[in-house]
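Visitor: As you go down the protein sequences, you meet chains X and S in turn.
Numbering of the first sequence is given in this note's numbering, commencing with residue 1 and proceeding in unit increments.
Numbering of the second sequence is given in this note's numbering, commencing with residue 840 and proceeding in unit increments.
Hints listed in this document are in silico derivations from the structure and should not be mistaken for laboratory results.
Just so you know, not all the hints are guaranteed correct.
What the hints assert, rightly or not - Ranges between beta-carbon positions, derived for each pair:
#	chain 1	residue 1	chain 2	residue 2	range
1	X	A209	S	S913	31 to 37 Å
2	S	P1141	X	F117	34 to 40 Å
3	S	D917	X	G213	41 to 47 Å
4	X	A209	S	S1057	21 to 27 Å
5	S	D916	X	D120	42 to 48 Å
6	S	G1011	X	E625	40 to 46 Å
7	S	S913	X	F117	31 to 37 Å
8	X	T616	S	R893	54 to 60 Å
9	X	D120	S	R893	54 to 60 Å
Just so you know, even glycine gets a beta-carbon here, dropped at the ideal spot from N, CA and C.
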Amino acid sequence: MSRTLNRTSARYLTRHPWQLVLALGGVGLGVAVAVAVALATESAQRAFKLSNDRLVGTATHQVVAGTAGLPDELYRRLRVDLGIRKSAPIVEGFARSEDAASGTLRIIGIDPLAESFRGDLGMVLGTDAYPLDAFLTEPGAVLAPEALGSVGDVVEATVDGRLIRLAVVGRVPGDGSALADTVVADIATAQELLELSGRLSRIDLQLDATDLGDRVQAELPSGARLVEAAARADTTVQMTAAFELNLRAMSLLAVLCGMFLIYNTMAFSVVQRRELFGALRAVGVTRREILRLVLAEAVAVGTVGTLLGLAGGIALASRLVRLVTRTINDLYFAVAVEQVALEPRVLAGAAALGILATLVSAIAPARQAAGVAPRVAMMRSAEDDSGWVNHPGLAGAGVLAGLAGFALATWRGGDLVAAFGGLLMVVLGASLLAPTVVRAVAKGGAALLGAIVGTPGRMAARALTVGLGRVSVAVAALALAVAVVVGVGVMVTSFRTTLIDWLGYTLQADLYVSPVSARGQSATLRLSNEQLSEIANLTGVDRLATIRTISVETSPEPTAVLAPSHAVEDRESYRLLEPSGNQAMEDAWMRFEGGEVLVSEPLAERRGVAVGDVVTLPSPSGALELRVAGVYVSYASDRGEVMMRRSVYASLWRDPLISGLALHLADGATRDGVARQLREILQPLQVVVVSNSELRAQSLVIFDRTFRITAVLQTLVTLVAAFGVFGAVLAQQLERAREYALLRLTGFTPGQLRALIGAQAGLMSVASIALALPVGWVLAWLMIHVINKRSFGWTLQMTVPPGVLGQAAAVALVAALLAAIYPAVRATIAPPGAALREE
Amino acid sequence: MTRGLVLAVLAALAGCSAPSGPVPSQAADLAEVLGGESDGFARALEPREFGFPRDHGSHPDYRTEWWYFTGHLSGADDEAFGFQFTLFRSGLPRRTPGQGGGWRARDLWMGHFAVGDFRRGDFWPFERFARGALGLAGASETGFDAWLENWRIVAEDTEQADSPVVLSAEAGDVALRLRLVPERPPVLQGVNGLSQKGAEPGSASYYYSMPRWRAAGSVRVPAGDFEVSGTAWLDREWSTSVLEPGQAGWDWFSLQLDDGSDLMLYAMRRDDGTTDEYSSGTYVAADGTVQPLQRDDFSIEPRGTWTTDDGIEYPAAWTLRVPGAGLELEVAPRIPNQEMRLSFRYWEGAVVATGSLGGMSVGGRGFVELTGYGRPD
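Bound-form chain X, shown alone (with noise of 0.2 Å):
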């Protein structure tokens, strides 16, 4: 019996190819979405692991101190007089090259002798590949992965400015796709081209014995911290796990939409295959086997859409993991990735995701497919009875659930998750109540239409009601789509205006000066105090300010220290959040001056610091206890910043150096002439020279890159979505093949046919607009000021732009009207005789 019913299953799929089409791209759409980006965020993910894996080895500790570094001489106490032989002196810095496929390239400086007792950087004898004595005495000798060059080639680079020449004179041993963008030289190489003499930038240890690191802690400088090694990995991981959250999140998106269309296919086959199942019914198949049947339909269905969406998914993830890998170097830290990883616990968790997901949405068609009496096997009926949407506890139960997730989402112990949660209950819960606004839309719509195209209008407005429960389903699907077009539409713009704003009342200065260095990376800029002098006397320059910008480590993350020369005179650059009021404002810059610091919202927001609390920062004159004065703000970084005088860092870290300048210029002087002879001083160091207004709209590029994975993705959410509406009226029409066959015949004409069919679409997308803006505004306002502050710490003014309502409210109808032109066509051009006959 069960192969007899599975031959029934196979015949209605196979004979209602658009239907399979339809279930298929949902299923494939939202498993692609899903699994590409959780494929790219994870081969992000391992590709710096793998390289952190190769650099770091055995080694279970390791000794860092941020920007300031460590001196040699702490290797050789911890080697040789503490005795801790697994261990390995690290100089690491970064460069800018065309030659790097990132752009970044990764200097790591090694002492090839000390290395064995991890990995296989290290090398004691040489061999072709590895020729040490070139290594260890060649200016500039480095070994390179193939892709970077061969060896005899020369490297390019720029350091702080400098150009360096990169000699390679080997290849990186073992795998080098771990090392992408990575060249290794020797310590005292890599010292001399990252003009970091004298300075470690860590030591890596294997203590095997667990007194050991109190052994170690006490010869410690101050300003030098031991941290476990793979805490640390896992705490620069961890950086981008906001980032990576929000993009998993809208990937379940598209698969929640995926979930709709697939709802929507079995329950019309469901509904199409009524007289079948009350004939099998009455035959003596039992409700069990035929809810079996259609479950297996479902599973069937969900199989290969959800391998199409792996296969769909994996390409899509090369194009992501570029984009994603983008950001985490703009924002984060250097990472290069050679290819997408395909993990397959990513690709099996999708494959699950996707099969649950379709089965999931099936038990509803499936149970209603099970419920239909034997006796109705004599009834005709088409009319789509799922009982469902008149359920009149259904709008209420809606309410209850977004109200439930809002306050799930910005309960104040929640986490993000907790926040993406509450996000998705007020989605699911929104999605209640699309019956009611179909409804309300159809009784609209009905007066409406009737009074300008008259019956097709009317009957378009009533046929919403009538096949009440899929209208909803598609109606939910495409609302989702477009609240989710809307929320993020709306976030990233009052992101961007905020951020607009600024740099606005930031960048105050005329020019910015900095050396070429990699990007993200702190840089130096060295000057002699000659050449500084002579900047400032430039005809043409009014006034000069310094900034020092240095990276410190703390726990869990490492915290930026800003020192600039003139804070307290450019005090309309900084903006106070906290304290708020003109009297405690003075007072916070009074006690600025004074030696206080000021924190960035987002250190102030993610570490709970106050103004009063006191924040801790290890420096070369021990650990500091900075009290501090005020919160400002600034989305430079999500990670921390502490702001203090100059005159304070110069005297607790001993550190003359600075990393960039801004010039305020005279009234008539001409930036490019300053430019000119600011670039003439300096040679021959190679710097940016950059107008605020440049300055602006760089700091708007990385911005625009930053989200433009998120507008690929909500993109691709609307496609899904799409495709639902497009599913959903396509079924409706094709039900009602027969219906428009017989207006045919009573003297409908093709034009009103295709009226009426299009208006039915069209009060389908305006059901939707008016579900999904006061939706879409929802999100917005969680991602704005829940999501977004929980994941970076940043308060963003909220702006509703009517283009992107405009646009949402384009995409919807767009949607919804291109799914009726197939419909309109085929119920035009077919013979009414046909469609009759095909009952």
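The hints should help you fit chain S onto chain X, whose structure is shown.
Guide: For chain S alone, coordinates are given in the frame of chain X:
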């Protein structure tokens, strides 16, 4: 003696070793470091004036140099140990140094340290590498002081030619700390200290030995800590010599005989199985008279073999004859496995000797070094 050659030849040999063999294939390329570029280094062309303690110190003008202690130790309850402690200096190509800091090194250093526990039949070899920078490794240029991390040999008074030397080394469960008191002044090997290694001028080293040191101190092995005393032998050699083709390896002997005389012999084996004409030795009579030995003045006859678990066959007993001194000795290892199974692979072990000297029976002890046996035929 030829321990310097040990490095270079082993390196060259290892390059040809079977891929399955445990000798690291990268060993070959030390030849490039050690033997590749001699530009910028002085060469041992003619005899020189030796002076001490200056010549106990480093000679950085030459590419390769080593300080080589071997010895026998004994403790209470028939405890018996052998040790080797060697620091090798290998000059890097003398290029214009970068402006960079303390990590720029002129030399790479390799340390070999081994202790044999003869009562228990154990042998522990260790190696270390470091660059001569930041105080990680180095040597005085004026007196007896050389170190690689915390492995060190340093004179109690570096300004004294015959000062006692303190040796300290540890690795894992094994440690050695000895005070070594010289009992015989330096013996210049070869021709007044110029030891010719090949036909080419400059294929030579400066080479002296201090064949008798009285040792006392402590040794730590996994079985425990022991107070020990005994004797030691020091070889010092420096050169920029480039190896000549056709040399397969060598067998080197240093023996301290009961009557107070000392014997050093080395036979360089050629690829064709013959003994190279630049093989040589020195016999130091009990009264201190030094008698240089040429290839034809002695013979070394292997009497047995010992095979490693991976199939390398080393000779394991010998008959030595020095007819001119009336000396005939049967030499046997204290234990068979004294193989230095490290980045460079060779056998360097404590041996005992019995035989006759001028018709009188004589005993002795010493060390044997066997190189070039890891090479497949």
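Visitor: With reference to the structure, classify each hint as holding or not holding.
Guide: Hints, one by one, checked against the model:
1. X:A209 to S:S913: 31 to 37 Å: holds, 33 Å
2. S:P1141 to X:F117: 34 to 40 Å: holds, 39 Å
3. S:D917 to X:G213: 41 to 47 Å: holds, 42 Å
4. X:A209 to S:S1057: 21 to 27 Å: Roughly 23 Å apart at Cβ, these two residues keep to the hinted range, so it holds.
5. S:D916 to X:D120: 42 to 48 Å: The hint (42 to 48 Å, Cβ to Cβ) holds, given that D916 (chain S) and D120 (chain X) are roughly 45 Å apart.
6. S:G1011 to X:E625: 40 to 46 Å: 44 Å Cβ-Cβ, so the 40 to 46 Å window holds.
7. S:S913 to X:F117: 31 to 37 Å: The hinted range 31 to 37 Å holds for S913 (chain S) and F117 (chain X), with Cβ atoms some 35 Å apart.
8. X:T616 to S:R893: 54 to 60 Å: The hinted range 54 to 60 Å holds for T616 (chain X) and R893 (chain S), with Cβ atoms some 55 Å apart.
9. X:D120 to S:R893: 54 to 60 Å: violated, 42 Å
The structure is inconsistent with hint 9 alone, although it conforms to all the rest.
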